[in-house]
Each structure stands twice: as C-alpha cells, then as structure tokens.
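Q: Below are the chains, spelled out letter by letter.
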Amino acid sequence: MKKCLSELRILIVHHFAMIGIVLALCLPDIAMGQGDGPRFYWKGLNGTNAIPVIGSSLGGNANPVDPSHNVVPGADFEASMTMAGYARMLPVFKRSAMISIIMPMGRISSDVSTNVLNNNTTARGFGDPMVQFGINVVGPKAIMNIPDMLRYKPGFSVDVMASLAIPIGEYDNTSPVNIGQNRWYGRVGLPVVWQIGPWVPGKRTTFEVLPAVWFFSDNNDFEGKKMETEPMYQVEAHLTHDFMERLWGSLDIISMSGGTATIDGIEGNALSNVGVGGTLGIHVNENMQITGSYSSTINDSNPEDLNMDGFRVSLIYGWHKLVEGMRRLKGSE
Amino acid sequence: MKKNLFLLTAFILSGPWLYSQSPGSPVQDKRPNIVIILADDMGYSDMGMFGSEIKTPNMDALAADGVRFTNFYTHASCSPSRSMLLSGVDTHLNGLGNMDEWTAPNQVGKPGYEGNLNDAVVTIPQLLKDAGYHTYMVGKWHMGKSPDKIPAARGFERDFSLLDGAGSYWDMTNFTALTPRSLYTEDGKYLTELPKKYYATKTYTDKLISYIDANHEDGKPFFAYVAHQAPHDPYHLPREWRDRHVGQYDVGWDMTRNQRLKKQKELGIISDSALLAERMWFIPEYALLAPAARALVGRKMELYAGLMENMDSHIGRLIDHLKEIGEYENTVFIVFGDNGAEGNDLAAMIAGTPGTRDNLYFASAWSQTDPNAWGDPGSYVGYGAGWAQVSMTPFSQYKGWLGEGGIRNALIVSGPVNKRAKGSINHGLMSVADIMPTLLDIAGATYPKNYKDKALPPLIGKSWSDVLAGKAESSRTPKDYIAWELFGNRAVRQGDWKLRWEYTPLGKSAWELFNVTQDPAERNDLASAQPEKVKEMLMLWDDYVQNNNVILPSRSPFEGLYDVLPARFPVDAGYPPLVNKRQYTPPQELIKSPKQ
Numbered sequence: 003m004k005k006c007l008s009e010l011r012i013l014i015v016h017h018f019a020m021i022g023i024v025l026a027l028c029l030p031d032i033a034m035g036q037g038d039g040p041r042f043y044w045k046g047l048n049g050t051n052a053i054p055v056i057g058s059s060l061g062g063n064a065n066p067v068d069p070s071h072n073v074v075p076g077a078d079f080e081a082s083m084t085m086a087g088y089a090r091m092l093p094v095f096k097r098s099a100m101i102s103i104i105m106p107m108g109r110i111s112s113d114v115s116t117n118v119l120n121n122n123t124t125a126r127g128f129g130d131p132m133v134q135f136g137i138n139v140v141g142p143k144a145i146m147n148i149p150d151m152l153r154y155k156p157g158f159s160v161d162v163m164a165s166l167a168i169p170i171g172e173y174d175n176t177s178p179v180n181i182g183q184n185r186w187y188g189r190v191g192l193p194v195v196w197q198i199g200p201w202v203p204g205k206r207t208t209f210e211v212l213p214a215v216w217f218f219s220d221n222n223d224f225e226g227k228k229m230e231t232e233p234m235y236q237v238e239a240h241l242t243h244d245f246m247e248r249l250w251g252s253l254d255i256i257s258m259s260g261g262t263a264t265i266d267g268i269e270g271n272a273l274s275n276v277g278v279g280g281t282l283g284i285h286v287n288e289n290m291q292i293t294g295s296y297s298s299t300i301n302d303s304n305p306e307d308l309n310m311d312g313f314r315v316s317l318i319y320g321w322h323k324l325v326e327g328m329r330r331l332k333g334s335e
Numbered sequence: 071m072k073k074n075l076f077l078l079t080a081f082i083l084s085g086p087w088l089y090s091q092s093p094g095s096p097v098q099d100k101r102p103n104i105v106i107i108l109a110d111d112m113g114y115s116d117m118g119m120f121g122s123e124i125k126t127p128n129m130d131a132l133a134a135d136g137v138r139f140t141n142f143y144t145h146a147s148c149s150p151s152r153s154m155l156l157s158g159v160d161t162h163l164n165g166l167g168n169m170d171e172w173t174a175p176n177q178v179g180k181p182g183y184e185g186n187l188n189d190a191v192v193t194i195p196q197l198l199k200d201a202g203y204h205t206y207m208v209g210k211w212h213m214g215k216s217p218d219k220i221p222a223a224r225g226f227e228r229d230f231s232l233l234d235g236a237g238s239y240w241d242m243t244n245f246t247a248l249t250p251r252s253l254y255t256e257d258g259k260y261l262t263e264l265p266k267k268y269y270a271t272k273t274y275t276d277k278l279i280s281y282i283d284a285n286h287e288d289g290k291p292f293f294a295y296v297a298h299q300a301p302h303d304p305y306h307l308p309r310e311w312r313d314r315h316v317g318q319y320d321v322g323w324d325m326t327r328n329q330r331l332k333k334q335k336e337l338g339i340i341s342d343s344a345l346l347a348e349r350m351w352f353i354p355e356y357a358l359l360a361p362a363a364r365a366l367v368g369r370k371m372e373l374y375a376g377l378m379e380n381m382d383s384h385i386g387r388l389i390d391h392l393k394e395i396g397e398y399e400n401t402v403f404i405v406f407g408d409n410g411a412e413g414n415d416l417a418a419m420i421a422g423t424p425g426t427r428d429n430l431y432f433a434s435a436w437s438q439t440d441p442n443a444w445g446d447p448g449s450y451v452g453y454g455a456g457w458a459q460v461s462m463t464p465f466s467q468y469k470g471w472l473g474e475g476g477i478r479n480a481l482i483v484s485g486p487v488n489k490r491a492k493g494s495i496n497h498g499l500m501s502v503a504d505i506m507p508t509l510l511d512i513a514g515a516t517y518p519k520n521y522k523d524k525a526l527p528p529l530i531g532k533s534w535s536d537v538l539a540g541k542a543e544s545s546r547t548p549k550d551y552i553a554w555e556l557f558g559n560r561a562v563r564q565g566d567w568k569l570r571w572e573y574t575p576l577g578k579s580a581w582e583l584f585n586v587t588q589d590p591a592e593r594n595d596l597a598s599a600q601p602e603k604v605k606e607m608l609m610l611w612d613d614y615v616q617n618n619n620v621i622l623p624s625r626s627p628f629e630g631l632y633d634v635l636p637a638r639f640p641v642d643a644g645y646p647p648l649v650n651k652r653q654y655t656p657p658q659e660l661i662k663s664p665k666q
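Chains as they are written, first to last, in our numbering: chain A, 3 to 335; chain B, 71 to 666.
Next comes chain A alone, as it looks inside the complex (with noise of 0.2 Å):
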C-alpha cells in the first residue's frame, strides 16, 4: 500500500507538468499574427497560478502589436516584445474557469518608405494590459481536486472567452508606430478542444479550433486623425500531438478577414490571409514549460497582402500549493 501511495504522488507531481502548461498557455497572445497557440485552451486543477514569460520576434508590413494588422504597402516592421502575465484556475458555476492578465513590453521599428510614411520610427515601453476571461461550457466538470485531475479527459470542450485590453500603454501621438494602441478593443470567442485518441502522456493528440471576433473602438487621435476599425475575424487551428511524454508539437494555421481600418474617411483594405507556422513545447519539470514557435502568411505576394512571420519562445512557470506540499513530502522521505 506504501508503494501505491508513492505512486500516487508521482502521478500527481507528474500531471503537474500538465497542469503548468495549460495555466502558462492561458494567457492571451497580444503578438498577432500567431494566434493564442496550441494547447492554449487545456484545463488544469483549479486553484493553480501560472505566470508567463513570452518573448517575440516578428516582422512583415503591418504592426504586429495592432491587433487589426493595419497592411502598410511598402513597410517593414521589427518587434522585439516581451510579455509577461498572471493566470489563475478557478471554478465559475462549477465549471473550469480562468482569469488572466498580461503585460506587452518592448520595442517597436519600421522602415517604412512609402506615400504615407518616409521614415525610421522606432517605439518602445509598455503596451495595453490585457484581461482575458474563459469558460468551459461544453465538456468536463471543472476539475476541482485531484481525482478529478486524474479522471479528466477533455473530450470534446467548448469554452466561452472574452478579452479586452485597457489603453492605457504608451502612445505617441506623432507616431504611426505604439505599443499602446489609444483604443479599447478586444475579442470574444468560442475555444474547441477535441481529443482524438487516448488521454495519455505521450500519446495525446488533439484537434483545436478557435473562432473569434474583435472589435475595436475608435482611436481618436491617430496622428491626429479618426482611425476606425470593423470587427475582424480569426479562426485558428491547431492539430497537436505528443511526440513523447513531455515532448509535443503542433501543426498551426491561423486565418484573419475583415478589420478594414478607416483613417480620416478614408478606407483601407480588408484582411483577408492565411498563416501557417508550427509549434513545439517541452516540459521541463513538473512547473515550467517552454515553446518555441514560428509561423507565416502565405499567398502574400501582393503589397496589400499582409504579409507576416514571426518567432516565439514561451517559458511558463505553474504551481499548486497542493502540489508543492507533496514535494516537500516526497522530499523529506
């Protein structure tokens, strides 16, 4: 029975791994052009914190902080951002739910030569905070203590999320180029987790799909003009798969319409693209997680085309009292 028992807490200490990754993944990507990612919508034990630290590296003709991805025909734009944030489990009317927050840092550059802008701008500081609320409307209860945790299986799981981002990162007037946005906007969606095959580390694979709207309010002093933006639509999929127990990957598609942006009266293109990309993670103990990812437009030939790509490294960190007191445990035998 001891033996049983120590393998109790091995099992949970490694379902942690689970649990930290999903938490890390919860956080809302303001870096666009990649989408939320992945595994981005797992469930973990209520109760369980994650903070995130996600570095990009992301270039093409349009802003890669501005959401609405605003194709500026002509221009290259570098971002160097890092984000970081705060995510806790908790349940809402007894089903998985979560809250999360995170801050966008960073560094900004175009190059831009075109009618419109003939210049080097760079921008740099803290971008909008944004919150993000989640939850599970379809699929298993919220998984509230351990045994719960070690019955879950996703399924098939719907959830239902909004975010919205508080303007109040730093803007410069003068510039076409901010990390701050001056503009409240944010999205809701309809998250679909599906499982197909068994449930075991090592051998999971899912199929996810994200549909989501955003809406943006208007920025009133866009160089001092009136910059409106129409809802925009995202649809992103995912098909991931464990290629060992902490070793997974996925295959990313992403795809953007709409969002045509209006500056003066005067009416841009909509978006209408498609980027593709992949995604590995690994779980480096039983409370980090790293990603890696890349992903890029295609059938972007065109100048109005946006045309994207970009690189990110996540590194997420999780905990769980509970599972912190069964190491301290398992380290005192």
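Note that these hints are calculated values from the structure, not bench results.
All residues carry an ideal CB built from backbone N, CA and C; glycine is no exception.
Possibly wrong hints are sitting among the right ones.
[Stated by the list, open to error] One side of the interface only, derived from the structure: several residues of chain A facing chain B at Cβ under 8 Å: (1) MET146; (2) PRO149; (3) LEU152; (4) ARG153; (5) LYS155; (6) PHE158; (7) ILE198.
Using the hints provided, position chain B relative to the given structure of chain A.
A: Same frame as chain A, but now just chain B:
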C-alpha cells in the same frame, strides 16, 4: 441404483457403435456438449449471482438457469488447479506438486513435481475424444510448453492457447527479460505472431466459435475448455470497458465488502450469521486515504470490474451463438475461477527492485504508468490485497494461500444434466478434481485403469452426477476429505472442519483449526480449544501425504514474508482514535481575540 447402472452400462456400450457410422451418414449424438469456462483469478464474490455489484448478466443467466455451488474448492494457484481440473488427480501425482516457477530444491527431479502436467495422468479431452467428442481449447494453458505437453498433445483437437501463466492481452509481451515473449499455439503449432486485431478474450471466443462451427454438421458433441486469461492481471481491456464504474469504488474495500456480504446473505450464498473476515492487518482503512488516493486505488478496481464485464460479454457471445445454432439447450456449462483472487503484486515481485535485469525490462515493456493508460498495452495494473479481499468476500486471504480466500470459489453448473431447481443453491462440499469423473459420467465414458499401457493414478474427485440429479446434497460422505499443499502451506477439510498450516504472518506456522461452516471467515482458531479434533484431522493429513506423494518444499515464496509485512495486530475499526479526532470547537461565549 441398479437401474441407473444398467442404463449407464448400456449407454457406454452403445457409444462405440454410434461413432462407427460411415462419414457420409452422420448420426446425431444426443450426448450434451460441455463448456468449461474458467476465469483466471476471478474471486468468489465477483459474479452478480454471488453478491457482486459487477454486472455479469450472462454468467448470472447461467446461474439462474442452473445451480450455484457455494462450497466449491479449487487449489490455491493457477497451474495446480488446472492440472487437477483436467486430470482429476492430486497435484503431487500429476506433475504440479509445485508450480514450475517455484519448484523447491528438494522437489527437483521428483515424479509429481515436473512443473507440468506429466505423462502419468490422462486428461479429460483425451478421454472425451476417445469417447467420440470433439475437443476444443482456447485460452491459458500453463501446464507445459514442450511439444509433448501442449494442448494438442494432451487431447485437444483444436486449440488457440497461451502457454504461459499470464501476459499481455494485446500482444505477445511477457514479463521478464529472459522470457520477453509469450508463447502461443494454434492447433499444435507455435505461433510467430498473433492474429490481427488480437485481444485475448475476444480472440479466444472468436476462435472457439469457429471451431464449433467447423464441425457442427457432423453431429458429434463437443467439449470446450474456455480458459480465459481474464481477469488475471495485468488489467488490459478495451477503452470502452474502462469507465463503467468511475468513482464507484471510492467508497473503499470495507464498504464494498459489506455491501457484497449483505447481498450474499440476501441471495442465500452465505448464512445470515456469517461474519466478514477481518480486513487483513496490512491493508489500510480506506477512510484514512486521501480522496486522490481513493480515486487512484479505486481506479484499479474499476478496471477489474470492467475486465470482468468484458469477459462476461464474450461469454454472452458464445452463449448467443450456441442458441443460434441450436446447441444451447444441449450444452452443459461449468463456470468458476481457478483460485482465489490475486492479492500479490506480481509486477513488484518480478521487477520491483531498481537496477535489476527485470526492472530494466519493465522500463522498456511495461512502463505505461499513467492512469489514463491503464488497460493499454505496456500498462501493468493489479488491484492488490485490499480489493482481492473484496473479490473473496466474505473470506480472508487470497491466491496462493490456503485460507478460504485462496481456495474457495464460486461454481455454476447449468444445462441438461442439472435436474435441480433452476437458480437453486447447493452447499455440498465440491472439488475441482470432481470435474473429471463428472464429465466422464456425462459423456458416458469411464476412467480407465491404464492408458496407453500405463497404469493411471486414482481419481481423487467424486462425480457430481447424483448431486446434479437432485439425489444427493453432496458428492462426499461425512468421512471424505479434501486436502491441499502448496508452497509449504497445508490444509485439510472434512465436513464442517478445516485444519490449516500456513507460513507466518498470514498463518501461524502452526496448525490452526476452524469450523468453516459456522466461521467461513476463519476468524476463530479453535486448535487450542479442540485438541482432539486437531489430532483427528492430522490423521487425515498424514493419510493425504502418504497416498499422494507429498514432499514438503525446502524453500517457499512465503518463507520470508514475516520480515516483509508489518507486525500483525488485530484490526479494530477506528483504532487508534487519534486518526479520527476532529477539531475541537469551544463554546461560542468563550471565544475571543487575543489581547495585544
């Protein structure tokens, strides 16, 4: 009686004539088909009609259509039971005086201790085949691997057999670095690979149905030995069978045992006065386990229940098929488990020591430890002593031991030979060795004195014919006894009494005496109180040793167990009170904040 003998003799004499007809003109032989369904390590209370919450509708239907026996004894482990089943001869004469895996130094090379079903005995399929039956086997053999020992050599004309004692249900993976692959035979040939989409219980059933169908038109009856691997560990089962009891066993072994005992009393399996055996002292009180531990430990029982139910469904497939081809009504079913439920941790015994060769082998072949992988290839789950005692409700101990929990099993017999009331229960003393003479009676055959010019050892079993005919309540007289010896543990049962010697700490390394009719849980050792009875029973033991070539082993797998298990103390519910003390709540009026 004389009339019966006359009819029997006439029937036997007519047998050869019946089978001498030309192939082109098959004669319908109305003797019943016989199907033995042997469930590996199935416990006494694991079928619904014996008190279980596990859903076994097909085996229950056989019980409802036949008779249940509550005082049926097997041996304490696999191959000894199987050898007695097929030979009707005591293990110390038939080659399984000890399991091949545990043969003691002083037993090596001795006749009766070959570790396989030796050539001194003849088998049921050999005699039934000679009597005109088709003989089929599917499932686990475990009584020899060489060409002269495999099922085809021991009387089965068709077989699909796992020769090893256990292994994966999904593939040929076995347990040790030196025997990494299980051996299978089909129709006497050793297989290099398994059929596509192999799953043991399903494939065994498919194969048997195909054998039955292949010869159905010739009109001969068949004998089928269905030696299911289930529910032996590892608990391998299809995914759709794993989640039928999620959370059900979080209540624990004590509660589940009480529920089963209550149902057993309602069914009439156990007397109303019977007590539950004491929870074995090294098994923790379930209430003390954390919810997560209950869930994880309970998950093992969930899988076991699913494995039982899966097996039952395939038994149902076989029954349905026999009904479809019009053979069900003329088929005798005999259903039982081969020994007590498994409370030992076989995986730990083989590979539990880090740094060993077999530990390394397990790392490569048996390391699917995630609970969601339990049941998959590469996972090894057994439910341990706590749940084994549930399976053996109301008894104490489990497989390998000679407590009632190791040797008493549930038995169902149904079919045309049963003239007792359908669904009735019989408490007569029965033995697995009785099956040989019973089947010979059913087939109208006799046990010969010689077989292929060799004198045969005597049968130790007693035919159930009179019991099944409703003419007797037991196939044994009050003077008849049953005795066992395995791994150095010993026991004798005669009438209500049982004398038992077992290694410490499950036993006392001394003779204990129980009245198992009044005390089936073996709670009260009466050896001190009734020395004369002990003396009387010891004479039976001596008789058994003398007549059956018993050589007590010089080594035993249990010889050092006293040094492994915790010290044995009585189990008193709620002791010590410390573990159940709750937070004291003072009177509200005396509660205040501290002075700063």
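Q: All hints, please: hold or fail.
A: Here's how the hints hold up against the structure:
1. MET146: Because about 10 Å separates A:MET146 from the closest Cβ in chain B, which is outside the 8 Å limit, the hint is violated.
2. PRO149: Holds, because the Cβ-Cβ distance from A:PRO149 to chain B comes to roughly 3 Å (cut-off 8 Å).
3. LEU152: 5 Å, holds
4. ARG153: 6 Å, holds
5. LYS155: Where the cut-off is 8 Å and the nearest Cβ of chain B is about 7 Å from A:LYS155, the hint holds.
6. PHE158: 15 Å, violated
7. ILE198: Nearest chain B Cβ about 13 Å off; hint violated.
Consistency with the previously given hints fails for numbers 1, 6 and 7, ordered from lowest to highest.
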